[in-house]
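Fit chain H to the given chain A structure using the hints.
Protein chains in written order, with the numbering used here: chain A, 1 to 395; chain H, 1 to 395.
I should point out that these hints are in silico values taken from the structure, not numbers from a laboratory.
Don't be surprised by glycine CBs; every beta carbon is placed ideally from N, CA and C.
Take these hints with a grain of salt, some might be off.
[Claimed, not checked] Straight-line Cα separation of at most 27 Å, DSS-like style, residue types lysine-lysine; simulated pairs: (1) H/116 - A/217; (2) A/246 - H/117; (3) A/51 - A/175; (4) A/116 - H/175; (5) A/217 - A/82; (6) A/217 - H/117; (7) A/111 - H/175; (8) A/116 - H/217; (9) A/264 - A/246; (10) A/175 - H/175; (11) A/281 - A/264; (12) H/116 - A/246; (13) A/117 - A/264; (14) A/175 - H/116; (15) A/246 - H/111; (16) H/111 - A/175; (17) H/347 - H/286; (18) A/117 - H/246; (19) H/217 - A/117.
[Said to hold, decoys possible] Below, a sample of chain H positions facing chain A; criterion: calculated Cβ distance under 7 Å: (20) 112; (21) 113; (22) 126; (23) 155; (24) 159; (25) 163; (26) 169; (27) 170; (28) 171; (29) 182; (30) 183; (31) 187; (32) 189.
[Said to hold, decoys possible] Over 12 Å on every C-beta distance to chain H, these chain A residues come out as not near it, computed from the model: (33) 22; (34) 61; (35) 75; (36) 166; (37) 170; (38) 241; (39) 258; (40) 278.
There are 2 protein chains.
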Amino acid sequence: MADITGDVSQDINPWSVTGTIVDGKLQAINYNHLVETFGTRVITDDLQRFKHVTGHEPHVLMRRGLVFTHRDLDTILDRHEKGQPFYLYTGRGPSNVFDVPLVIMMTDDEKTLFGKKAYTMAEMRTFVRRHARDILAVGFDPKKTFLFSDFEFVGGAFYRNVVDVSRCITLNISKAVFGFNDSDSVGKAHFVSIQTSASFATTFPHIFGANTGETSKIPSLIPCAIDQDPYFRVGRDVAPRLGYAKPSILHAKFFPALQGPGSKMSASIDSSAIFMSDTQKQIEKKINKYAFSGGRETAEEQRQLGGNPDVDVAFQYLSFFTDDDDELKFIEEAYRKGEMLTGELKKKCILKLQDFIGASQTRRAFIDDAVLDEFMTVRPLVWGTKKADANGETK
Amino acid sequence: MADITGDVSQDINPWSVTGTIVDGKLQAINYNHLVETFGTRVITDDLQRFKHVTGHEPHVLMRRGLVFTHRDLDTILDRHEKGQPFYLYTGRGPSNVFDVPLVIMMTDDEKTLFGKKAYTMAEMRTFVRRHARDILAVGFDPKKTFLFSDFEFVGGAFYRNVVDVSRCITLNISKAVFGFNDSDSVGKAHFVSIQTSASFATTFPHIFGANTGETSKIPSLIPCAIDQDPYFRVGRDVAPRLGYAKPSILHAKFFPALQGPGSKMSASIDSSAIFMSDTQKQIEKKINKYAFSGGRETAEEQRQLGGNPDVDVAFQYLSFFTDDDDELKFIEEAYRKGEMLTGELKKKCILKLQDFIGASQTRRAFIDDAVLDEFMTVRPLVWGTKKADANGETK
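Just chain A, same shape as in the assembly (with noise of 0.2 Å):
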C-alpha cells in the first residue's frame, strides 16, 4: 500500500498501520505529523464547549488524549444546542453520551474485498456475529442502536447512495486517497462508496423516515480510529454534491500495545495486546509480564529517582479506565517522585482493566441471538426529548 501521509515511511491507512522505521526499528506514529498531513482540528480547544453544550464532563478519552482530532465536531455541538437532529455512526463502540439513534456497520464486503482469505459465506456470518457481540457488550440501547452488516443491509435506500456517491467519486481520487493501482480491483476502488453512504442520514429511511428534503440536511458524528479519516474526508468533499450534511468526525489514536508506542498489536501476537476475551487471570499475567514500564531496575532506584509515567505503558491504560482526574494525577506524581513502585502501579492498572473487562464479558454473556438480531432488526428507532426540523426550528 502506498504512503499517504506524505511521510517517506509511516504508512497509516485503513488496511494498514505502521510507523517510520528508523535503522530497522520501528518509531512510534508520529500523530502530529498526521494532523498536519490530514489537515484535523486538535480537540483541546472544545472540550470546554462540549462540556457547557452536552452537559457532561467529556469522555475520557477525549480527556486523556486518546479521542485527539476532529472535523467539524462545531457543528454537532451546534445542532445538539438547538436540539437539531444528528446520529452517530461507527464500526467500533463508542460510549453515547448524546441521546441520538447509534448506527453501527459491519464491513463483511470489506472484509470479503481487501482480507487475504476467501471466507464462505456461513463462516462471515459467524465472524460477523461475533464480532457485533464483542461490540455490543459496550453496552448499547436497542432502542436507538442499528447494528448491521452490509451484506445483509446493502440495498434499496442505502445502494441508492451508494450509486449516488460513486458516481461523484474519481478514479483519481481513489487511487490517490487509498493508495490503489491498476492491479487492484474494481471492488476495493469502490468500497469507499459503501462506507461513506452510510455517514448520510438518507441511507436510513426506517430511522429517519423518507427523504422529504429534511432528511438529508441531518449529519453524523463519525468517531472512529485516525485511519479511517480517508473514507470520510471523501465523504465530505461528495456531500454537498448530493444536497447532503458533510458529517463530522472524531479522531482517535490506536490504543498502545504492551511493549508501548513503537510496537504493534495483533490479533495472532497474543502478548502483543490484552483482549476482550481475556479471563481476569490473564490479564494479570500479560500486565506484570509484557507492560512496557517507565519504572526503575530496582525498589530502591524508584524510590531514589521515581518513575516516568510518560512511557509507561500500565499507566497509559490506567489513565483511559481512570475517569477521575484527580486520582490520576494523584498516582501520576506518585510514580513520578517514586512514591509508587512499579508492581503497585501494575497492580492499579490490572485491578481497572480486571473491572472493566468483566463487566463487558457479563454484558456479553446476556447478548444471545434474540439481543443481536433485536440490534440487527431494520426496525425504527426511539430517541431524544426535543423535538427540532433539520433546519433547527424547535417545535
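What follows is chain H alone, placed relative to chain A:
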C-alpha cells in the same frame, strides 16, 4: 470513450455505437470486423442443431442473421438435450422457445452512473416502469419471468455475488475492456460487477433455491446486442474463479435505422426509426417517406432493371417479421426482377409492422400496475417439464 474494437474509428461499446467515419461520412458497422476482434462464433453452423435439439425452427431473427454470433450456445443445447437446468438473462425482450426461467434486468443504476442527466428517484422509477411495460408487451409468462430494477433488487445474494465478482476484476481489466480512464467514476469502473452478477444463478435464490453447490453449475444464456458483449466476456473470465458456470451468449446486430445502415437510430430523431408507440398512420408515413429504398427512380425503370433488396430498408424490416422463408424468397426475387415495385414492397412492410406493433400495443395496454408488480415480485418461478439436477442426471 476509447475504441475497444481495434478499428481506428469504429466505436462499439455498451454506451455508444458508431461506425467508421470516412471522409466525414458515417459507414455501416463492420460486423465481420467485430466478430474477429471480439472472437465470437458465427451462428450459421449451429442452426441445424438448434432445430434438431429444440424441435423448433430457429427464431426468424436467427434465420435472417440479425442474431448472428454466439459464445457457447452448444453448451446450452447440450443441457437442453439432457434436460439440465439453465436460464435466460437479458435486458431486452427475447422470445423464449425454451421452457426455462427468464430474468430481465432494468439497469436504473447504470443510467444513473453513465447518464448525463441526474434523475430523481421518482423520475427513475417512472422511467423504469414505462420501459418495463414496453419489454413485457413482447408477451411473457409471469410464471417463469422475473423482471427487476437494480435499485430495487440489489442486496442479499445478489450483493454477495457483486462483491465476489468485483474482487476478481482489476482496474486494469475494467479500463482495458470498457475504455475508462482515471477521470471516470469508481461507479462506472465497478458497474460491470452488477451487470455480470445476474449471469450467475446464485443471484436468484428465490428462483433456484439456496446454493447447495448445484445452483453454481446452472448457466445462463444471454441474448444481447453485440455491444453488451464486453460485460459478459468479463463475466465468463470471472465465472470459473468463483466456481460458477460460464454464461453463454447470443449476439444480435443493431436494427438498421430507416435511412439505412450508415445512419443512426435515435430516440430523439423521430424520422430515424419506427417506435413501439407509433400509430398505424405514423408507421405508414415513416416507411413511405423515410425508409431508404433499393428501388429505381421510376416504375418503368424498376420494371426494366429491377430493385436492390440488399440495401432496401423496407425489405430488411420485412425480412425480420416474415417467418415464412418461401414467402420472403418470393418477395425478394420479385423485387430484384422488377416484378414488384417499391410501393408494393413498402406496403407489405407497413402491414407487417402495423400488425406487430399493433399487437404489442394491445398487449401493453393490459400491463397495468398490478401485472407489472407481479412480474417484479421476488417469488419462486414455475417452469420445465423435465427435472434434472445440475449435473445432468435426469431423474
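How the hints compare with the structure:
no., hint, result
1, H/116 - A/217, "holds, 25 Å"
2, A/246 - H/117, "holds, 24 Å"
3, A/51 - A/175, "violated, 40 Å"
4, A/116 - H/175, "holds, 24 Å"
5, A/217 - A/82, "holds, 14 Å"
6, A/217 - H/117, "holds, 23 Å"
7, A/111 - H/175, "holds, 24 Å"
8, A/116 - H/217, "holds, 25 Å"
9, A/264 - A/246, "violated, 33 Å"
10, A/175 - H/175, "holds, 14 Å"
11, A/281 - A/264, "holds, 23 Å"
12, H/116 - A/246, "holds, 25 Å"
13, A/117 - A/264, "holds, 22 Å"
14, A/175 - H/116, "holds, 24 Å"
15, A/246 - H/111, "holds, 26 Å"
16, H/111 - A/175, "holds, 24 Å"
17, H/347 - H/286, "holds, 12 Å"
18, A/117 - H/246, "holds, 24 Å"
19, H/217 - A/117, "holds, 23 Å"
20, 112, "holds, 5 Å"
21, 113, "holds, 5 Å"
22, 126, "violated, 15 Å"
23, 155, "holds, 2 Å"
24, 159, "holds, 5 Å"
25, 163, "holds, 5 Å"
26, 169, "holds, 5 Å"
27, 170, "holds, 6 Å"
28, 171, "holds, 4 Å"
29, 182, "holds, 4 Å"
30, 183, "holds, 6 Å"
31, 187, "holds, 3 Å"
32, 189, "holds, 5 Å"
33, 22, "holds, 34 Å"
34, 61, "holds, 33 Å"
35, 75, "holds, 26 Å"
36, 166, "violated, 3 Å"
37, 170, "violated, 6 Å"
38, 241, "violated, 10 Å"
39, 258, "holds, 35 Å"
40, 278, "holds, 33 Å"
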